[in-house]
Structures are given as C-alpha cells and as structure tokens.
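Novice: Listed in order, the protein sequences are those of chains A and B. Read in the working numbering, the first sequence has 46 at position 46, and its numbers run on one by one without any break. Going from the second sequence to the working numbering is simple: count from 1 and add 1000.
Worth flagging that the hints you see were computed from the coordinates, not collected in a lab. Some clues are possibly wrong.
Below, simulated EDC-like cross-link-like pairs (lysine to aspartate or glutamate); rule was C-alpha separation at most 20 Å, straight line [stated by the list, open to error]:
id: 1; chain 1: B; residue 1: 1144; chain 2: A; residue 2: 41
id: 2; chain 1: B; residue 1: 1144; chain 2: A; residue 2: 18
id: 3; chain 1: B; residue 1: 1189; chain 2: A; residue 2: 41
id: 4; chain 1: B; residue 1: 1081; chain 2: B; residue 2: 1013
id: 5; chain 1: B; residue 1: 1144; chain 2: A; residue 2: 24
id: 6; chain 1: B; residue 1: 1099; chain 2: B; residue 2: 1137
id: 7; chain 1: B; residue 1: 1182; chain 2: A; residue 2: 17
id: 8; chain 1: B; residue 1: 1152; chain 2: A; residue 2: 30
id: 9; chain 1: B; residue 1: 1182; chain 2: A; residue 2: 20
Reference listing, derived: stretches of chain A covered by chain B, where coverage requires no fewer than 3 residues with Cβ under 8 Å from a Cβ of chain B [what the hints assert, rightly or not]:
id: 10; region: 23–29
id: 11; region: 35–41
One side of the interface only, derived from the structure: several residues of chain B facing chain A at Cβ under 7 Å [stated by the list, open to error]:
id: 12; residue: 1039
id: 13; residue: 1061
id: 14; residue: 1064
id: 15; residue: 1083
id: 16; residue: 1139
id: 17; residue: 1189
Cβ atoms here follow ideal geometry from the backbone N, Cα and C, with glycine treated the same way.
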Amino acid sequence: MQYSQRVLFSDDTLLHDELDDLFDRLEQLEPPPALIAHILESISRLPQPHRPVQDHPWDDLDSLVVRREKDPPC
Amino acid sequence: MQMRERTRTPSPEISDGILAQQSLAGDQRAFEALVQRYSVALFNFICRFLGDYDQACDILQQVFLQLYISLPNLRTGEPLKSWLFQVARNRCLDELRRKRAIHFSELEPVNDEDELSLLATMPDTSPLPEEVAERRDLQQCLQKAIGTLPPKFRSVVVLRYAAQLSFSEIGQVLKMPEATAKTYFQRAKPLLRAALTSQ
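Here chain A stands alone, though its shape is the one from the complex (with noise of 0.2 Å):
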C-alpha cells in the first residue's frame, strides 16, 4: 500500500494527512456491557474508601510553624 501525504489543518494544530485518514476509520470498541456490570456489581461490594485520618484537624496548619524544641522557652 502506497499512502502520500495531503497536507491540511487539523484544529489541533497538527498537519493532518492520509495516514491520519485511514487510522480514522478505526473502528471503536465497545467493552461489554457485562463486563462494565461487573465492575460495579465488584466495587459495590468493597468497603467505602476514607479519606487519610487526620489525628488533628491542625497539624496542617502547625507543621507551618518551625518549632524550636531545644531552644529555652522564652
């Protein structure tokens, strides 16, 4: 097979050409639907994901703050 190029404008600012023809005609895939079922039918079954337990809501906002542990109080 013999492609040659044909140069045009894609609007994704890319030369478009024949072999982007001919790899357009690729025909989508559908998964099937018994597979999709069963993905979900498997995660109902899991346990609710949590999010990270924070031990204190403010450790975010302390580990901001450069303790000087060894210096003496002031």
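The hints should help you fit chain B onto chain A, whose structure is shown.
Specialist: For chain B alone, kept in the frame of chain A given last:
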C-alpha cells in the same frame, strides 16, 4: 465484541472532580457515571495498545478498581482523565513486559495469527461479505501496524487514534510537554507507514 461508529465523548455535565467526591461520599451512581464516561475510551486504548481483547477486559477492571481504591488520595490538581490513562498505560506496559519475558524465556516464535486474534473475532455486521472482508483486512492492517511501534510511540499513537485525546491531554498522561507529544506522534508516522507498506 461490540463496535460502534467513532464518536467523541460528549462533554460532561458534572465534572470528574465532583463525581469523584460524590463517589468518595458513598454515592455509587457517581462512580457508575465515571465508569460510563471513560470505559469506552479506556477500553479502546488498552485494546489497541495490547491487541488483545480479553486482556483489555481484565485491565479495564483493574483500572477502575484502582480508581475506587485511590479515591481518597487523588490529587485535585490533576485531571482524572489523565490519571486513568496513566494507570491504564502502566498496566499495559506491565503486560508487555510480562509477555516479553515469557517469549524470551520460552523462545516462542512470534505468531502473526496470535497478534491478530483481537480482530479475527470481530463480528460481521455488514451484509456484504466483500465489504466485511475489506473492513476486517483494514482493521487487521491498522492493528498490526500499531503493534510494530515501540511502546513510547505506541502510547502516543493509540492515545491519539484510539482514545482520541488531544495532544495537550496526551502530554498530561505521559508527563511530557504537548510539543513533545506531537513530535513523538510525527516520528511514529513513518514507522506506521513503513509497517503498512510492508504488509
């Protein structure tokens, strides 16, 4: 295997971030919406990358399971779409490595028929046998040409042609500048042409 006409994913009504938050809060329908939104594009990417329908089914499950488990840790600054394709690509690369290891260790000759197994099982929906044969031949040629690409080029080509991502999105998935994604794509084209002309 089912196929349909190539269509772009419709613009989402609810953002991925909102759906992820709702999923994390226990809303199963929100997670289902994410699955429905990305399953076709991910499946096409995985299927075309590996050329194996059954493995694509397995990996698609793994990707969504990984999503569910990772919901609490997802960074809000990173697009979910990119994250999903990153996970899918990593799984595909793992699979390629595993296949390669098996092939080298067992010294199995590469069988072209095996590579085409995905396409050999495609259903015939066209009423004319000649059209069916022509279409199947074309799909086989395209899939085989993709299979000749080294992984770094294959990722860009399949993300573009099968998953229909923009170069900006491809750059996000592969963690490279958009311009580099375009360069990879352009460098892959002569390889694809060579693979097609050699058939």
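Novice: When the hints from earlier in the document are held up against this structure, which numbers fail?
Specialist: The structure breaks hints 1, 3, 6, 8 and 15; every other hint is satisfied.
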